[in-house]
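S.K.: Sequence:
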Amino acid sequence: MLLEKTTRMNFLFDFYQALLTDKQRAYMELYYLDDLSLGEIAESYKVSRQAVYDNIRRTEAMLEEYEEKLKLFEKFQKRQETIEKLVSAIKEQAPIEEQLQLIDQLKETD
Numbered sequence: 001m002l003l004e005k006t007t008r009m010n011f012l013f014d015f016y017q018a019l020l021t022d023k024q025r026a027y028m029e030l031y032y033l034d035d036l037s038l039g040e041i042a043e044s045y046k047v048s049r050q051a052v053y054d055n056i057r058r059t060e061a062m063l064e065e066y067e068e069k070l071k072l073f074e075k076f077q078k079r080q081e082t083i084e085k086l087v088s089a090i091k092e093q094a095p096i097e098e099q100l101q102l103i104d105q106l107k108e109t110d
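Residue numbers (the UniProt record's numbering): 1 to 110.
Hints listed in this document are in silico derivations from the structure and should not be mistaken for laboratory results.
These numbers come from a predicted model, not from an experiment.
Just so you know, not all the hints are guaranteed correct.
[Said to hold, decoys possible] Lysine to any residue pairs mimicking SDA-like chemistry, simulated, CA-CA at most 20 Å apart:
no., residue 1, residue 2
1, 107, 97
2, 78, 99
3, 5, 61
4, 91, 61
Please model the complete structure; the sequences and the hints are all you need to start from.
M.R.: Here it is in structure tokens:
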């Protein structure tokens, strides 16, 4: 579960980091990408561990809100699934109609 949350947060951060403040972006990078502890981040910014924790939790909630409204990560996942199916269909020499259907599905996710 923890790995799934970390992976999801990393993806959401990739998609929506431009919408975050510099401090939010820095805390998220240090916590999720650099794997620093709350204490290490707090020490480097000379704030309390609780302040870092609160900032990260609020930022996570914001990222989830952005995803709920914009669905960039969801669309990305759907595209990836369709691409995998298309590659498989091509390798298996599936009928051209099936391949074209998958290409149409890709167009719809844009």
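S.K.: The structure should be examined with respect to each hint, and the outcome stated for every one.
M.R.: Hint check:
1. A distance of roughly 15 Å separates the Cα atoms of residue 107 and residue 97; the hinted pair therefore holds under the 20 Å criterion.
2. Restraint check: the Cα-Cα separation between residue 78 and residue 99 comes to about 16 Å, which is no more than 20 Å; the hinted pair holds.
3. Annotation: proposed proximity of residue 5 to residue 61 holds, straight-line Cα distance about 12 Å (limit 20 Å).
4. Taking the CA atoms of residue 91 and residue 61, the gap is near 41 Å; set against the 20 Å cutoff, the hint is violated.
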